[in-house]
Amino acid sequence: MSSPATPRKTKLPFGSFLERILSKLGLRGRTLVIAIPTLWLFVFFLVPFLVVAKISLSEAMIARPPYSSIWNWDDGVLNLTLNFGNYLFLLEDTLYFAAYMESVKIAFVSTVFALLIGFPMAYTIARSPDSRRNILLMLVILPFWTSFLLRVYAWIGFLKTNGLINAFLLATGIIDEPLIMLQTDFAVYVGIVYTYLPFMILPLYANLVKLDDALLEAASDLGAKPAMTFLTVTLPLAVPGIIAGSMLVFIPAIGEFVIPALLGGPDTLMIGSVLWNEFFSNRDWPVASAVALVMLAVLVVPIMILRKAQAASEGASQ
Amino acid sequence: MSETQTNIAARPWADKDATPFIRIKNVTKKFGEFVAVENVSLDIYRGELFCLLGGSGSGKSTLLRMMSGFETLTSGSIEIDGQDMAGVAPYDRQTNMMFQSYALFPHMSVEKNIAYGLKRERIAKAEIKQRVEEIISMVQLDQFATRMPHQLSGGQRQRVALARALVKKPKLLLLDEPMGALDKKLREETQFELINIQESLGVTFVVVTHDQEEAMTLSTRIGVMTDGEIVQVGEPREIYEYPRSRFVADFIGSVNMFEGQVKEDADDHVIISSPDAGADIYVAHGVSCTLGQKIAVAVRPEKIQLSKARPNNARNILKGKVDEIAYLGNLSVYQLLLETGKRVRVTQSNLSRVGDDAITYEDEVFMSWSGGAGVVLQS
Ligand SMILES: Nc1ncnc2c1ncn2[C@@H]1O[C@H](COP(=O)(O)OP(=O)(O)O)[C@@H](O)[C@H]1O
Ligand SMILES: [Mg+2]
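Chains as they are written, first to last, in the working numbering: chain D, 1 to 318; chain X, 1001 to 1379.
So that you can see chain D by itself, here it is in the shape it has in the complex (with noise of 0.2 Å):
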């Protein structure tokens, strides 16, 4: 493992010269494969939080941008004036702590449905031949290729009350009075799932499609019927895929607005509808960055719960 390490002998000039740049400031070859993407996350994302993080710490006023500098500098003494009124705030009006609930059970409500719909469409197309597999991981992928803004503008004509779904309904003589889907719960649950639904079963098919049959029949020959194989072989062994896949689609399904805000209905209140109403209607930019940094805070146990999963299915394929 230490040998890969050292630099390997360019011929090229300019390539010597600059590894030997990079090795003068302590850089060789691994480090210099770490430090690209640690850039990357330092430019994109941890100097847009800071950022972010600053403003959350100022006062809003009318101005450009419309918030106060938290710290100036007069006649040689720096004044650091750090403003924790916002967060407090978010703590006094219960709208705000209201609208994190509602996220939070959302966002679990569906990916417990993603589950349930996407476990087994990962498991059919695990399970069937290769020639068919790659057909059926292309169907599942497909709806990207459109804007996602088109495909819920797309549930709008089916979900609304003279919608596709309505009138399917009504001539079949199921119902004899159109069903209100539109800006009810139901169509961001209908929304969410939908668009969130290909992040639960890429995982899952990425773990499913590793399951090896012999154990499947190893399970049957020891005695197990099927109903039994499923729960104590393949399900304990999909574990980490569920797990990722439950994350990736509960992270950013609580910060999702876009859908409550097309779907929804007035009483839909989630966080991301909440921040973006503080951003651009109330252009109230230091609430909505505290808004936005206590979402982060909740999303941080989510997203350890994901990398741990991501290890542990690491670990088990080596």
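Worth flagging that the hints you see were computed from the coordinates, not collected in a lab.
For glycine and all other residues, C-beta sits at the position ideal for the given N, C-alpha and C.
Take these hints with a grain of salt, some might be off.
As the list claims (entries may be wrong) - Facing chain X, according to a computed beta carbon distance under 10 Å, are these residues of chain D, among others: (1) SER131; (2) ALA214; (3) GLU217; (4) ALA219; (5) ASP221; (6) LEU222; (7) ALA224; (8) VAL239; (9) ILE242; (10) ILE243; (11) ALA261; (12) ASN277.
What the hints assert, rightly or not - Here are some, though not all, of the chain D residues that point toward chain X, as calculated from beta-carbon distances under 10 Å: (13) PRO37; (14) ASN166; (15) ALA167; (16) MET181; (17) LEU216; (18) LYS225; (19) THR232; (20) PRO236; (21) ILE251.
Place chain X with the ligands on chain D using the hints.
Then chain X with the ligands, alone, in the frame of chain D:
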């Protein structure tokens, strides 16, 4: 055959009235148009250690998988212990299988793997625990009971797989290439262990293998398979000494094959004139054949004697030149070149250290064998 029939109880297949434990009747298995097993009929008796021996793709595993219920029969029937197995699901069969890949559950410890099958039956916890412990000590895995499969060596995994199948006390244990993943030395040790376990438990074993030495070591009887068919069934000795076809003679051990025509056909012997050997070959047993029929004589390398001087009382004598010698320690293998251009393989055991008259390269030597050494093969 010519062996004296000593112990009928230990050799139920020699008894015409014995009831077979497994009755495979005219079984055919097709995958689409491809015929993997073709019209196989076979009886296996209780307590046997029966080997299905054949090259890769000869249909051994498919036949085994039909006994365990993983493949359905295209036609024919399989009866185990008097019960027709058609439509009986694998989980309802009192057979257990040891998989070629072992198929240990990766998320369960050794103990849990072994207990898995017992938990599927309605057995009290205490009894499960006791039976698992017993079998674990039988396969000498006591220190490894709580390990996970990936923490075990190949040989240890193999024993877990064996224990997991045996703990259910099956009527029939099916083993698909049980030694396939072990190195040679471990394989030889394990073979004897397997025989001991089989004898002490009295369970009927059907073992699939492509290794003819393994089949010879393990089995009470061998069924030789090729292209989905069973071409010969018999005790190891019988298969080795009396192969019924060129394929079997060639597949089991090495053999010298002399092609020729029947020249003299008597009750107690035949003489074959063989252009291959450049001489007539005398075989001291009657053969139902016609004069002039094309036929082959198979002679095992260890049944041929070598000498520098012409032996004076041998039935068959050929002259040739030493082309190659391979010294293997306990024996030496000679490649001899006949005047006809045919190569003959002879093995001689090295009884003494190198003598003065040791046979060496380019020597002109005589090969001789008795009338009983050769076997006539018609197909
Ligand atoms: N499920 C299957 N589908 C199609 N062909 C198969 C299947 N299983 C086995 N075969 C074919 O049947 C033949 C015999 O296979 P197998 O019984 O596994 O041979 P062996 O165990 O003697 O090596 C092989 O040619 C194999 O390709
Ligand atoms: Mg096989």
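Hints versus structure:
1. SER131: 14 Å, violated
2. ALA214: Since chain X brings a Cβ to about 4 Å from D:ALA214, closer than 10 Å, the hint holds.
3. GLU217: 6 Å, holds
4. ALA219: With a minimum Cβ separation of about 7 Å from chain X (threshold 10 Å), the hint on D:ALA219 holds.
5. ASP221: Holds. Min distance 5 Å.
6. LEU222: 3 Å, holds
7. ALA224: 5 Å, holds
8. VAL239: Since chain X brings a Cβ to about 9 Å from D:VAL239, closer than 10 Å, the hint holds.
9. ILE242: 14 Å, violated
10. ILE243: Violated - the Cβ of D:ILE243 stays beyond 10 Å from chain X, reaching only about 14 Å at its closest.
11. ALA261: 43 Å, violated
12. ASN277: At 47 Å from the nearest chain X Cβ, D:ASN277 fails the 10 Å test, so the hint is violated.
13. PRO37: 30 Å, violated
14. ASN166: 46 Å, violated
15. ALA167: This interface hint is violated because 46 Å lies over the 10 Å limit.
16. MET181: Hint on D:MET181: violated, closest Cβ of chain X at ~42 Å, above 10 Å.
17. LEU216: 9 Å, holds
18. LYS225: Holds, because the Cβ-Cβ distance from D:LYS225 to chain X comes to roughly 6 Å (cut-off 10 Å).
19. THR232: With a minimum Cβ separation of about 7 Å from chain X (threshold 10 Å), the hint on D:THR232 holds.
20. PRO236: For D:PRO236, the interface hint holds, since the closest Cβ of chain X sits about 5 Å away, which is under 10 Å.
21. ILE251: Cβ of D:ILE251 sits 26 Å from chain X, so the hint is violated.
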